[in-house]
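Undergrad: Protein chains in written order, with this note's numbering: chain A, 1 to 378; chain B, 1 to 378; chain C, 1 to 378; chain D, 1 to 378.
I should point out that these hints are in silico values taken from the structure, not numbers from a laboratory. Mixed in with the good hints, there may be bad ones.
Facing chain C, according to a computed beta carbon distance under 10 Å, are these residues of chain D, among others [claimed, not checked]:
#1 165
#2 215
#3 218
#4 253
Keep in mind it's a predicted model, so treat the numbers as computed, not measured. Glycine residues also receive a C-beta, built at the ideal position from the N, C-alpha and C atoms.
Spelled out, the chains give:
Number of protein chains: 4
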Amino acid sequence: MVGGGRDAFIGGVHRMAMRLDGKIDLVAGSFSSNAEKSRLSGEDLLLDPSRVYPDYSTMAERELTLPVGERIDFVSIVTPNRTHVPVAKAFLQNGFNVVCDKPLAFNLEEALDLQQIVGKTGKVFALTHNYTGYPMVKEARELVRRGDLGNLLKVVVEYPQGWLINPIDAEGKKQAAWRTNPEQAGASSCVGDIGTHAENLTRYITGLEIDEICAEFTTFVKGRRLEDDANMLVRFKGGAKGVLYASQISVGEENSLSIRVYGTKASLEWHQEDPNDLIVKYGEAPRRTYRRGNSYLSGVAQRFSRIPAGHPEGFIEGFANIYLEAARAIEAEANGQPIPADCDFPTVKDGVEGMLFIATAVKSAKGGAVWTRMSNAR
Amino acid sequence: MVGGGRDAFIGGVHRMAMRLDGKIDLVAGSFSSNAEKSRLSGEDLLLDPSRVYPDYSTMAERELTLPVGERIDFVSIVTPNRTHVPVAKAFLQNGFNVVCDKPLAFNLEEALDLQQIVGKTGKVFALTHNYTGYPMVKEARELVRRGDLGNLLKVVVEYPQGWLINPIDAEGKKQAAWRTNPEQAGASSCVGDIGTHAENLTRYITGLEIDEICAEFTTFVKGRRLEDDANMLVRFKGGAKGVLYASQISVGEENSLSIRVYGTKASLEWHQEDPNDLIVKYGEAPRRTYRRGNSYLSGVAQRFSRIPAGHPEGFIEGFANIYLEAARAIEAEANGQPIPADCDFPTVKDGVEGMLFIATAVKSAKGGAVWTRMSNAR
Amino acid sequence: MVGGGRDAFIGGVHRMAMRLDGKIDLVAGSFSSNAEKSRLSGEDLLLDPSRVYPDYSTMAERELTLPVGERIDFVSIVTPNRTHVPVAKAFLQNGFNVVCDKPLAFNLEEALDLQQIVGKTGKVFALTHNYTGYPMVKEARELVRRGDLGNLLKVVVEYPQGWLINPIDAEGKKQAAWRTNPEQAGASSCVGDIGTHAENLTRYITGLEIDEICAEFTTFVKGRRLEDDANMLVRFKGGAKGVLYASQISVGEENSLSIRVYGTKASLEWHQEDPNDLIVKYGEAPRRTYRRGNSYLSGVAQRFSRIPAGHPEGFIEGFANIYLEAARAIEAEANGQPIPADCDFPTVKDGVEGMLFIATAVKSAKGGAVWTRMSNAR
Amino acid sequence: MVGGGRDAFIGGVHRMAMRLDGKIDLVAGSFSSNAEKSRLSGEDLLLDPSRVYPDYSTMAERELTLPVGERIDFVSIVTPNRTHVPVAKAFLQNGFNVVCDKPLAFNLEEALDLQQIVGKTGKVFALTHNYTGYPMVKEARELVRRGDLGNLLKVVVEYPQGWLINPIDAEGKKQAAWRTNPEQAGASSCVGDIGTHAENLTRYITGLEIDEICAEFTTFVKGRRLEDDANMLVRFKGGAKGVLYASQISVGEENSLSIRVYGTKASLEWHQEDPNDLIVKYGEAPRRTYRRGNSYLSGVAQRFSRIPAGHPEGFIEGFANIYLEAARAIEAEANGQPIPADCDFPTVKDGVEGMLFIATAVKSAKGGAVWTRMSNAR
C-alpha cells in the first residue's frame with residue numbers, strides 16, 4: 001500500500017476491504033510522504049519493519065529485489081489525486097499490478113499517459129470506483145442489459161454530501177484540505193471527488209455514453225479554492241437525457257449517492273445508503289423491490305453476495321468486491337493466464353473516462369455553464 | 001363551476017375539495033363546452049336544472065340577474081388552460097370572485113392582462129396551486145422563515161410522472177390530449193402542467209426568486225407536439241442554486257413531486273406522496289421528522305389540519321385548504337371587510353409568476369437550453 | 001346525527017366523510033346530551049334550528065312526523081359507547097336506518113339484543129369500522145380471497161397509540177375521560193376503543209375466526225380505571241395463530257395500526273399510517289408494492305378510489321367509503337329494492353363479533369391472562 | 001476454529017468478522033466431524049495442514065503442545081448446538097479462551113455446568129450474540145441508561161424469518177436439518193435459533209429481566225419435529241410488559257429482527273435490516289433518527305463504528321465488533337491484566353440466561369402456553 005497512514009480515511013477502508021475475504025495480505029507499504037509517519041503506521045499495522053518504506057520509489061525498487069514468491073503481487077495506491085499517476089507508473093514500470101483509488105489522475109493528460117503505460121506493460125490496473133461493487137448495482141446493470149427497462153430515456157443521478165458546509169479545510173482538517181486544494185486535487189473538488197462516482201455509476205449501470213454537459217459549479221464556502229457544489233444537465237449519445245449533481249455543502253446529507261434510470265418499459269432506483277434494495281417501477285404493474293441475497297437475483301448479483309438476504313451488507317463489502325475481482329485478475333496474470341472474461345472491476349479506461357468527464361465539466365463551468373462536448377475536452 | 005363535466009379529472013377533485021368542510025355548496029355550473037354534456041353533468045350533480053348553463057357567458061350573465069343572496073359567491077374554473085382567462089374575465093367583470101385552476105393562462109400576455117383586471121375589479125382571485133395547501137408544506141415555509149435552515153444555498157425540486165410514456169394523447173385519451181395540444185395547453189405541456197407546480201412550491205417554501213434558467217426540453221414520444229420532459233438548472237437571486245425537473249415519461253412514477261431545500265444550518269425534505277411528514281436534517285444532530293397533526297408544529301400547520309396525527313390526510317384535504325382560505329377571503333369581501341392578512345392561498349400574482357416561469361423555460365429550451373433571465377421573458 | 005357536538009372529535013370526522021362525495025346532506029341532529037350545547041352545535045353547522053333537537057328521543061319522534069321526502073334517511077350515531085344501543089333502538093324502532101360508531105354497544109348483551117332488533121326491523125345498520133374502507137385493505141382481502149397467499153398461517157396485528165401516556169383523562173380532557181370511564185365506555189378502554197379495530201381488520205382481510213384468546217391487560221397510568229394496554233395471543237379456527245396488541249401508552253406512536261398476514265405462498269403487510277401502499281412478500285420473488293389508484297389493482301380497490309395513483313388518499317376518504325356503501329344500501333332500502341350483494345360495509349353482525357371479542361379479552365385478562373374461548377364469553 | 005467447514009453458513013461469517021480488523025488470524029481448525037472434510041476445508045482456507053485437525057479433542061491437545069507464542073490464543077466454536085459445551089470444555093480445560101456461537105448449550109444443565117467451568121478456569125468466554133455488536137444497538141442502550149426514555153413500560157421484539165416455510169430440512173438441506181433436529185439443536189428450533197437473539201437483544205438494550213413467559217409454540221410444517229413459530233407474552237420484573245415472537249415460516253421475511261421499547265418519556269425503534277438507523281419517538285416533539293457514524297452519538301456508538309455516516313455498515317461489521325471486544329479481553333488475559341471494564345461482549349452469563357429463557361419457553365409451550373416463571377425452569 002502507498003498512502004493510508006495514520007489519520008487517513010480511505011486507506012483504512014481499503015485495508016478492511018482487502019482483508020475481508022482472506023485472499024489478500026498486506027505485507028508492505030509506504031504509508032506517508034513523511035517517512036517517520038510511514039514507519040509508525042507500519043507499526044500500527046504489525047508489518048515487518050523491513051517492508052515499511054520511507055517513500056514509494058524505494059518501495060517499488062526494493063520489492064522488485066525480493067524473490068518472486070515473496071514480493072508484493074500488487075500495490076494499492078490510496079494517496080491524494082496528485083500522486084496517483086507517478087506512483088502507479090513507478091510500480092507498473094517495475095512490473096507490479098496496481099489497484100488505485102479514484103479519480104485516476106491529477107488531470108486528463110496524465111490519465112491518457114497512464115493508460116498508454118498500462119497498455120504497454122500489460123499489467124492489471126484496477127480503479128476503486130467502489131460503488132459498482134455493490135451486488136444490487138450489478139443487478140441493476142443486468143436488468144438494463146437484458147432489456148427489462150426497454151430503451152433508456154432518462155437518468156437522474158445525485159450525490160449530495162454535507163460535510164464541507166463549514167470551512168474545515170481552512171481549519172486544517174486534512175481529509176478536507178487536500179480535496180479542496182487545486183495543487184493536490186486538480187481542477188475540481190466536488191466533481192473530482194464524488195461527481196466522478198456518479199458518472200461512473202451511471203455508465204456502469206446504463207452503458208450510456210455522455211455526449212454533452214452543461215455544468216454549473218458553485219463555491220459556497222468563502223475562501224475555498226475549488227467548487228463545493230455542481231449541478232449538470234447531460235445529453236447522452238442516442239438521445240437520452242440526464243440530470244447529475246454532486247454537492248459537499250448539502251447539510252445533513254451523509255453520503256447520499258442515488259440513481260434513477262427511466263426506460264420505455266420500466267424504471268429503476270438505487271440508493272447507496274440503502275444498498276441492499278433495488279426498486280423497479282412499472283407503468284402497469286406493482287413496484288418490485290429486489291433484495292440482495294435472494295435466489296431470484298441474477299447470477300452476477302449472487303456471485304458478489306457473501307451472506308443471506310436480510311443480513312445487510314454494506315460499504316466495505318461492496319468495496320471488497322472490487323478487490324476480489326482485481327485479485328482474480330492479478331492471480332490469472334501471475335499464472336500467465338488470460339484475465340477471466342467475466343472479471344468485473346473498473347479499469348484504467350474507466351479512469352480515463354472519469355478524467356474526461358471532470359475536464360469537460362470544468363470547461364463547461366468555466367465558460368459559465370455552457371454546453372460542452374465530451375469530445376472537445378481532450 | 002365552469003368545466004369539470006363527465007370524464008374530467010380535476011373538476012371532481014375541486015368538488016370534493018369544496019365540499020369537505022361544509023362551507024361551500026355547488027349550486028350552478030357550465031360543465032362543458034358541449035351544452036348537452038353540461039346538462040347531463042348537472043344532473044349527475046343533482047343541481048337545479050335552471051342553474052346548469054350551456055356556456056360560461058350565459059352563466060355569468062344569468063347568475064348576475066339573481067338576487068344577491070341567491071347568486072353564486074364565486075366561480076370555480078376548471079377548464080383547459082386555453083379558456084382560463086376568458087372565463088375568469090367574464091366572471092370578474094360581472095362582479096364575481098374567482099377560483100381558477102393553474103396555470104393561470106394560455107400565455108404570459110393573457111396573464112398580465114388578467115392581473116390588471118383582477119386589480120381593477122378588486123375581486124378575490126385564487127389559483128389552485130394546491131400543493132401549497134398541505135400543512136407540512138406550510139410548516140416547511142415556517143422553518144425557513146424563522147431561520148431554522150440558515151441562509152438558503154440550494155434547492156432540488158422534482159416532479160416526475162410516467163403517465164404519458166405511451167401516446168395516449170394521440171389515442172384519444174382526453175386528459176392527455178388537451179395537455180399536449182399547443183392550441184389547448186399553450187407553449188408547454190410538461191412545464192405548464194406540472195413544472196409550474198414545482199416552481200410555485202419552491203417559491204412558496206423558500207421565498208427565493210428565480211433569476212435565470214437553463215432549460216432542456218425533450219419530447220420523447222413520437223408525434224407529440226409539446227415537451228414531455230424538462231430538466232433545468234436554476235440561479236436564484238442572491239446566489240442560491242437549483243435543480244428543477246419535471247417529467248411525464250418517467251415510467252412507474254405516479255405523482256412524485258418532492259423538494260429538498262439546503263441552508264447553511266439545516267436542510268429540509270418533503271415528498272408529496274408522503275405528505276404528512278417533513279424531514280429536517282442537520283450536520284451535527286439527529287434528523288427530525290415533523291409529522292402533521294402534532295402539538296409541536298407551528299400554528300399555521302395546525303390551522304390547516306383536520307384530524308389528529310397518525311390519521312393520514314391526503315391530496316383532497318390539501319386541496320381543500322386552498323378553498324377554505326379562498327372562502328375566507330370571499331366571505332370577507334362579501335361582507336365588505338378587508339381580506340384577513342393571514343389568508344394563505346395562491347393569487348393572480350403567483351399565476352403571473354408561473355406564466356413568466358413557463359415563458360422563460362420555453363425561451364431557454366427553444367434556444368437550445370441556454371441561460372435565460374426571467375426578466376427577459378416578458 | 002346524534003352526538004358530535006362542539007369539541008367532539010369523531011363527530012367532525014363523520015361529517016367530513018359524509019360530505020365528501022356529495023351524496024349525503026346533514027339536515028338534523030341532536031349533538032349533545034346538553035340541549036343548549038346541541039343548539040349551539042347546530043348553529044355552527046348552519047342547520048335549520050327546527051331540526052336541531054334537545055335529545056335523541058325527541059329527534060327520532062319528530063323526524064317521524066315529517067313527510068317522507070323531508071325526514072332524515074338515516075341517523076348517524078357518534079356518542080360514547082354507553083348510548084349507542086339506546087339511540088340506535090330509538091331510531092330503528094321508528095323506522096330509520098342507522099350508521100353507528102364502534103364499538104357496537106356497552107356490553108355483549110346489549111349487542112345481541114340490538115342484533116335482534118335490526119333483524120326484525122329489516123333496516124340498514126352500518127358500523128363505522130372505518131379502516132376496512134381503505135382501498136388497499138380491500139385489495140388485501142382480494143389477495144387472500146383469490147389465494148395469492150395460500151393457506152393462512154399467522155397474523156400479526158398491532159395498534160399502538162401513545163396519547164394516554166399522561167393522565168389527561170383525570171385532568172378533564174373529555175375525549176380521554178369517557179374512554180377510560182367504565183360507566184361510559186364499558187368493561188374495556190384500550191381494547192374497546194382500538195383493539196376492536198384490530199380484530200375487525202383481521203377478520204375483514206383474512207376471513208379467519210378467532211377461537212381462543214390469551215389477553216394480558218395492563219393499566220400503566222395510576223388511577224386509571226380501565227386498561228390502557230393489551231397484548232394477546234390468538235388461536236384461530238383451523239390452526240392459524242396470531243399476535244394482537246393495542247396500546248394507548250406507547251409514547252410517540254400516533255395511530256399506528258398495522259397488519260401482517262402470513263400464508264404458505266406469500267405474506268402481506270399494510271400500515272394505516274401509509275395507507276396507499278400494500279406490500280406483498282414472497283419466498284422466491286421480489287417484493288411487490290401495490291399502490292392505490294393503479295389499473296393493475298382489483299376492481300374492488302379501484303371502485304373505492306377517488307383520485308389517481310400518487311395523489312394520496314387518507315383517513316377521511318377511507319371513512320367516507322363506509323358512508324358511500326351504507327348510502328347505497330339505504331337508497332336501495334328506501335326504494336324497496338334488495339341491498340346490492342356487493343355492498344361492502346360493516347354490519348351489526350360485525351359489531352356483535354367485536355363485542356364478543358371484547359368480552360372474551362376482558363374475561364381472559366380478569367382470569368390472569370388465561371386462554372379463553374370466544375364461544376364461552378357469551 | 002471448530003466447525004465451519006465447507007457448506008456451513010455461520011463459520012464463514014465468523015471468519016469474515018475475525019479478519020475485518022486485522023487483529024485476528026485464523027491459524028488452526030477442526031472444521032468438520034468428518035476428518036477428510038475438515039482437511040479439505042483447511043486447504044480452502046490456505047492453512048498449514050499440520051494445524052488442521054481431524055477432531056476437536058486432537059486440536060485442543062496438540063495446540064497445547066505448541067510453544068506459547070505459536071499456539072492459538074482462543075478457539076472459535078461454530079458447530080451445531082449439540083457440541084458447543086463439550087468443545088468449549090475441552091479447550092477451556094486446556095487453558096484456551098473461547099468464542100462460541102449461540103445458543104450456549106444443548107440444554108440448561110449443560111449451560112450451568114459450563115458456567116462453572118468458565119468461572120473456575122478464569123478464561124475469557126464470549127458468546128456471539130452478534131446483534132448487540134451493532135453500533136446503533138449500543139446507542140439504544142445508552143439512551144435507555146441515561147434515562148432518555150424514562151421508566152420502561154413495554155417492549156415489542158420480533159424476529160420473523162421465512163426460510164423454513166418448505167420442508168427443506170426433510171429434503172436434506174443441512175443448515176435446516178440440524179436446526180430442527182432435537183438431537184442436534186435441543187428442545188427448541190425457532191426459539192433456540194432466533195428467539196434467543198430477541199431475548200438477548202431485549203436484555204442488552206433495556207436491562208429488564210424477564211419474570212414470566214406465556215409461550216405458544218407451533219410446528220406449521222408437517223413432519224418437522226420442533227417448533228417453527230413461537231409467540232410469547234412476557235412479564236418483566238418491575239412491571240413492564242412485552243410481546244416477543246420468532247418465526248421461521250413467515251414467508252418473505254428475511255432476517256427481520258426488530259425491537260421497540262416504550263418508556264414514560266420516549267420510545268425507540270431499531271430494525272436489524274436497516275441497522276444504521278435508530279428511531280426515537282416522543283409525545284411532544286418531532287421524531288429523531290439517529291444515524292451511525294455521526295458526531296452526535298454517544299462515545300460507545302462511535303467506538304464501534306469504522307467508517308463515516310452514510311457509508312452503510314452491516315451484519316459482518318456488527319459481528320466483528322463482538323470479536324474485537326473479545327480480542328481485547330483475550331489480549332488482556334494473555335498479558336495477565338484485568339479485562340477492561342468497558343469490554344462489551346456477551347458472556348457465559350448471557351448464555352445461561354438464554355438457555356433459561358429457552359427452557360422456560362419450552363416448559364410454557366408444553367403446558368399449553370401457560371404462564372411460567374423463569375425461576376421455575378431451572
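Undergrad: Could you check if residue 215 of chain D really has its C-beta closer than 10 Å to a C-beta on chain C?
TA: Nearest chain C Cβ about 9 Å off; hint holds.
Undergrad: Hold the hint about residue 218 of chain D up to the distance rule: shortest CB distance to chain C must be less than 10 Å.
TA: holds (5 Å)
Undergrad: Residue 253 of chain D was flagged as interface toward chain C. Is the shortest Cβ-Cβ separation under 10 Å?
TA: holds (7 Å)
Undergrad: Residue 165 of chain D was flagged as interface toward chain C. Is the shortest Cβ-Cβ separation under 10 Å?
TA: Since the shortest Cβ distance to chain C is 6 Å, the answer is holds.
When held up to the earlier numbered hints, the structure conflicts with none and fits them all.
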